[in-house]
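Q: Taking the hints into account, I'd like the entire structure generated from these sequences.
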Amino acid sequence: MKNLQLETGNQKLEEWMAKLKLAAYWAASCGGCDVAILDIHEKILDLAAAADIVFWPIAMDFKYSEVEAMPDGHIDVTLFNGAIRTSENEHLAHLLRAKSKTLVAFGSCAHIGGIPGLANLFTREEIFKRVYHEVPSMANPEKTEPEPKSTVAEGELTIPEFYNTVMTLDQVVDVDYYVPGCPPPPKQIWNVVQAIVSGKLPPKGAVIGASEKTQCDECPRKKQEKKITGFKRIATAQPDPDTCFLEQGFLCLGPVTRGGCDARCMTSGVPCRGCFGSPDGVVDMGAKAISAIASVIEAKDEAEVQRIIEQIPDTLRSFNRFGIPASLIRRKVL
Amino acid sequence: MTFEPKIVGILCNWCSYTGADLAGTSRIKYAPNVRVVRVMCSGRVDPTFILKAFADGADGVLVAGCHPGDCHYIEGNYKTIRRMALLKRMLADYGIEPERFRLEWVSAGEGDRWAQVVNSITEDVRKLGPAKIRPALRKKISAA
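Keeping their order, the protein sequence lines are chains A and B. Once you know that position 126 of the first sequence is 126 in our numbering, the rest is easy, because the numbers rise by one and skip nothing. All you need for our numbering is the position in the second sequence, starting with 1, plus 334.
Keep in mind that the hints were calculated from the coordinates and are not lab data. Even glycine gets a Cβ: it sits at the ideal position worked out from N, Cα and C. Heads up, a few of these hints could be off.
[As the list claims (entries may be wrong)] Examples of chain A residues lying across from chain B (beta carbon under 8 Å, computed):
#1 LEU118
#2 LEU121
#3 VAL283
#4 GLY286
#5 ALA287
#6 ALA299
#7 LYS300
#8 GLU302
#9 ALA303
#10 ARG307
#11 PHE319
#12 LEU328
#13 ILE329
[As the list claims (entries may be wrong)] One-sided and incomplete, this derived list gives chain B residues near chain A with beta-carbon spacing under 8 Å:
#14 MET374
#15 ARG378
#16 THR382
#17 ALA389
#18 TYR412
#19 ARG423
#20 ASP427
#21 TYR428
#22 GLY429
#23 ILE467
[Claimed, not checked] Cβ-Cβ distance ranges computed for the label pairs, FRET-style:
#24 B/PRO469 with A/HIS91: 23 to 29 Å
#25 A/THR144 with B/LYS461: 55 to 61 Å
#26 A/GLN224 with B/ILE362: 45 to 51 Å
#27 B/ILE408 with A/HIS133: 52 to 58 Å
#28 A/THR151 with B/GLY429: 50 to 56 Å
#29 B/GLY429 with A/ASP174: 27 to 33 Å
A: Following this line, the structure appears as structure tokens:
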């Protein structure tokens, strides 16, 4: 508002008076990112003072047609959470890209694929077979499966198409910033909001609301020399609360995961699962995790190595739980 | 036209690359399908390199280094053993056939063994046919 007194016309005045227009959307996601926005607690009032929320399906009643009616670039910032799983997700990604000055991939799913991305280890047919026919709680005698188009007496019905492959937001549209986390921690969300309101944003393409270093940099656990002679699982063994998980033989992705969450899992007694994605410069998080963890396994012959690594039940999902759609191979090869 | 596999070979400078050189100077004839990249040690081979080769269209990847115990840097190839063992499991999770990736030990004196290894992986990959990874990447969305 610094030039307010210099502006004369009413229209210009209104423009200066206008608040930041904010939108939030959920694509293939669980809703946790939206809840995380609310978890900034009473600061939500500051946010409401600084911004007009023009679209936020989980919290307020807006229709897609209202977004479609907006002029291009009308929204200042859109926080887009969720991966791209259906044609509806993709349509909204394109729509919100066009209507937003700044599009933020918000949370692990939009950033690197997230938990929905694990479905890339299956095909659509396998998923439908399991979900609509095999699960014990499913009663589906007519063997119905979702079809994008179906004809009923009243006419043709359409639903969004379910894609074979889950994609990250930036595999579909141009993304300005990334806010990592499953979900992003409220403290970081507030940092991001402040950066947006003040206009102090880094160059396009940056990961914001996170650290440039890894989790180990923030993790308060005692770290000495790492030598893994066997892997344990958190469900069946009791970790020491003060020692590095890896040194105790619990698989922890801290060494290859971007910091910025104040080691919230490690301080709660759980090893890092990698939801923040990798720091800058890492091409494939799973490959880097293999590289890091393998170097501290204490074994020199192949049989001993096999014995130790067989204690990790599921390699890809243990080493790249959140980032398969963003990995080099992206999905199970068909 | 018969399918000629494209195989990326990542060789350590001290043993396997010298071994491949020996195969050349000894005029051993072997399959021309391996494109060789020289690294200083097989311990330098980041699993990312192998995934990148597959993502960029390689039909197979061969990593070769000094025999265990013979590493020029003492410990490098022990790390390779562990990394590649984990990577093999990850490749299986991605649905990539195990025959497409190999870790072999070839010393500087084993020109004939290098030729055998190359012929053997080339035949294995030829039997499998072209890798389906790159087409799968291009076809991001598979429509109904």
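Q: A separate judgement is required for each hint: does it hold in the structure or not?
A: Verification of the hints:
no., hint, result
1, LEU118, "11 Å, violated"
2, LEU121, "7 Å, holds"
3, VAL283, "5 Å, holds"
4, GLY286, "6 Å, holds"
5, ALA287, "4 Å, holds"
6, ALA299, "7 Å, holds"
7, LYS300, "5 Å, holds"
8, GLU302, "6 Å, holds"
9, ALA303, "10 Å, violated"
10, ARG307, "10 Å, violated"
11, PHE319, "7 Å, holds"
12, LEU328, "4 Å, holds"
13, ILE329, "5 Å, holds"
14, MET374, "16 Å, violated"
15, ARG378, "11 Å, violated"
16, THR382, "4 Å, holds"
17, ALA389, "4 Å, holds"
18, TYR412, "5 Å, holds"
19, ARG423, "4 Å, holds"
20, ASP427, "4 Å, holds"
21, TYR428, "5 Å, holds"
22, GLY429, "4 Å, holds"
23, ILE467, "5 Å, holds"
24, B/PRO469 with A/HIS91: 23 to 29 Å, "26 Å, holds"
25, A/THR144 with B/LYS461: 55 to 61 Å, "42 Å, violated"
26, A/GLN224 with B/ILE362: 45 to 51 Å, "49 Å, holds"
27, B/ILE408 with A/HIS133: 52 to 58 Å, "56 Å, holds"
28, A/THR151 with B/GLY429: 50 to 56 Å, "36 Å, violated"
29, B/GLY429 with A/ASP174: 27 to 33 Å, "30 Å, holds"
Checked against the numbered hints above, the structure breaks hints 1, 9, 10, 14, 15, 25 and 28 and satisfies the rest.
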